[in-house]
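Below are the chains, spelled out letter by letter.
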Amino acid sequence: MGGPEVERLIALLARLPGLGPRSARRAALRLLQQPQTRLLPLAAALNEAARAVRTCQLCGNLDSADPCTLCADPRRDRGIVCVVEGVGDLWALERAGVFRGLYHVLGGTLSALAGTRPEDLATEPLLARLRAGGIVEVILALGATVDGAATAHWLTERLSPFGVAISRVGQGVPIGGALDVLDDGTLAAALRGRRPF
Amino acid sequence: MSAPALRLTRLTLSHFRNYPTLTWRPGARILVLSGANGSGKTNLLEAVSLLVPGRGLRGARIADLAAHGSAEWAVAGRFATPGGEIDIGTGTPPGGPPDRRVFRLDGAAPRSQAALSAHVAAVWLTPQMDRLFQEGAAGRRRFLDRLVFALEPGHAGEVAAHDTAMASRNRLLGGGGADAAWLAGLEDAMARHGVAVTAARLALARRLNAALATGAAAPFPVALLGLRCPIAERLGAGPALDAEEWLRRSLAAGRTRDAAAGSAATGAHRADMTLADAASLQPAGQASTGQQKALLIGVVLGHAALLAEARGFAPLLLLDEPAVHLDAARRAALFAALARLPAQALLTGTDAEVFQPLAGRAEFWQVADNTLARAAEAAPE
Ligand SMILES: [Zn+2]
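Chains as they are written, first to last, in this note's numbering: chain A, 29 to 225; chain B, 1498 to 1878.
Since the hints were made in silico from the structure, they are not lab data.
Since the structure is predicted, the reported quantities are computational estimates derived from the model, not experimental observations.
Cβ atoms here follow ideal geometry from the backbone N, Cα and C, with glycine treated the same way.
A couple of the hints might just be wrong.
What the hints assert, rightly or not - With beta-carbon atoms standing in for the labels, derived distance ranges: (1) Gly1782/B to Pro146/A: 38 to 48 Å; (2) Thr1578/B to Ser92/A: 57 to 67 Å; (3) Ala1710/B to Ser51/A: 54 to 64 Å; (4) Ser1777/B to Gly143/A: 50 to 60 Å.
What the hints assert, rightly or not - Which chain A residues stay away from chain B? Per the calculated CB distances, all over 10 Å, these: (5) Gly48; (6) Glu152; (7) Trp182.
Said to hold, decoys possible - Here are some chain A residues pointing at chain B (derived, C-beta under 7 Å): (8) Pro146; (9) Val174; (10) Ala177; (11) Ala178; (12) His181; (13) Glu185.
Model the full structure from these sequences, guided by the hints.
This is the structure in structure tokens:
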């Protein structure tokens, strides 16, 4: 059906989160039927993103600027850093518009069962930011899973020598809940309800 | 308990276990299903148990529920409830994978299994429970957790979180040279979830004992349910935060020993459920099989009373082989208790004769050749 180019397009689309083989076929069809208005602009956008977007060396966000737009924004409170598991959580918090400080993307949580160990997380860059000075508070927003809670506990020990205030987002986040699936109101309440560790 | 009762008025099976198709219209509050071993009596009770949240009375894998040679199966029940008539269905999704199960509530997909809890509930007794006090603590713990879960759906998540934290800690300890702060984080999770799990188990025991003491299972011997668990002892002696702190410290102090043993010596996973006759205080483990069965029936009836209080309607009672191991006096007590309760009860047995004292109050059905037939009504005694 449609030759190897079409099959390859469908196979690649089907690997995207939220898309299965069926919705991938539908998306591919829509793109191919409207090459000028859909397919070519998408191809250009993908190309452009692949060329320009990189990981922010400071916080781990994805942006075409490095340091990223958030890290470079002079209006943000540089004294507070919110530590999140992934870029998706950072984007969720930004969408909710409730946090005015800077972020740090850890790149995962410790997991004994999945084999994620301390050296797999972006902890050293965070410690380097603290050593550089100016940070007075760290908020740990790591999701209400066992691994998220254990990682927050572990990180608190690593951060305590710096004498910064450490608090945890957890209130109102259901057990097993990841931050990036919460609605904005719940996220805002969770951030307001943070508790000192 | 004076709550109105949930009533099953129609059960439809297709390609379920030994039944290619079956439509059953029970017409009484007490239903006796008799038939030879292997005739499919328990499968009918299991079908009904699958219409309430959970994995059914056998805890079976979904793929095992389909009739031989069939990939799809379905069970549907019509219920008379205090809020009106409702239809609940479950089975493999049409054309979907055979190891998945979906629900229907009045023809539409319910938002969650919990949405069904507002309408239907069931408690059950199975012959497997006859061995509860001959086998290990794990079976008794699961039995107790199921009682808690029926009343507090969040309990399952707390147990799972505790067990995940424990398995993670075991893995770290087994690897050697584990990061102490990471271990402390997992022990903190074990302590928080372990204390929550234990508090829920204790609360269930307290409520159940109170219900039984006030006659929820009368005229059955009153059972006393307890928890053998050091966390429960701490919770009885002081605030929950102290119990958490004690558990955190015990785990931290036991790392070397736990690493050598490959498992945690302390935690909610070590709890055992105890059951005793409230009058003689004789533990179930030392009682005759008949006494054990009577105590368990008492617990099931007491649990039904708690559910009725919480939901506002009496749950279905699914009693698989309840008369086995009971002497004539205890059987009479069971029938008297069932007659007194508002709940609909489905009873199975190989021999209908045993249930004759219920004649006039119960409907008798014969199970054979993958179908159900109304048995000739005997005159009431
Ligand atoms: Zn950045």
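Here's how the hints hold up against the structure:
no.: 1; hint: Gly1782/B to Pro146/A: 38 to 48 Å; in the structure: holds, 46 Å
no.: 2; hint: Thr1578/B to Ser92/A: 57 to 67 Å; in the structure: holds, 59 Å
no.: 3; hint: Ala1710/B to Ser51/A: 54 to 64 Å; in the structure: holds, 58 Å
no.: 4; hint: Ser1777/B to Gly143/A: 50 to 60 Å; in the structure: holds, 53 Å
no.: 5; hint: Gly48; in the structure: holds, 13 Å
no.: 6; hint: Glu152; in the structure: holds, 15 Å
no.: 7; hint: Trp182; in the structure: violated, 5 Å
no.: 8; hint: Pro146; in the structure: holds, 6 Å
no.: 9; hint: Val174; in the structure: holds, 5 Å
no.: 10; hint: Ala177; in the structure: holds, 5 Å
no.: 11; hint: Ala178; in the structure: holds, 3 Å
no.: 12; hint: His181; in the structure: holds, 3 Å
no.: 13; hint: Glu185; in the structure: holds, 4 Å
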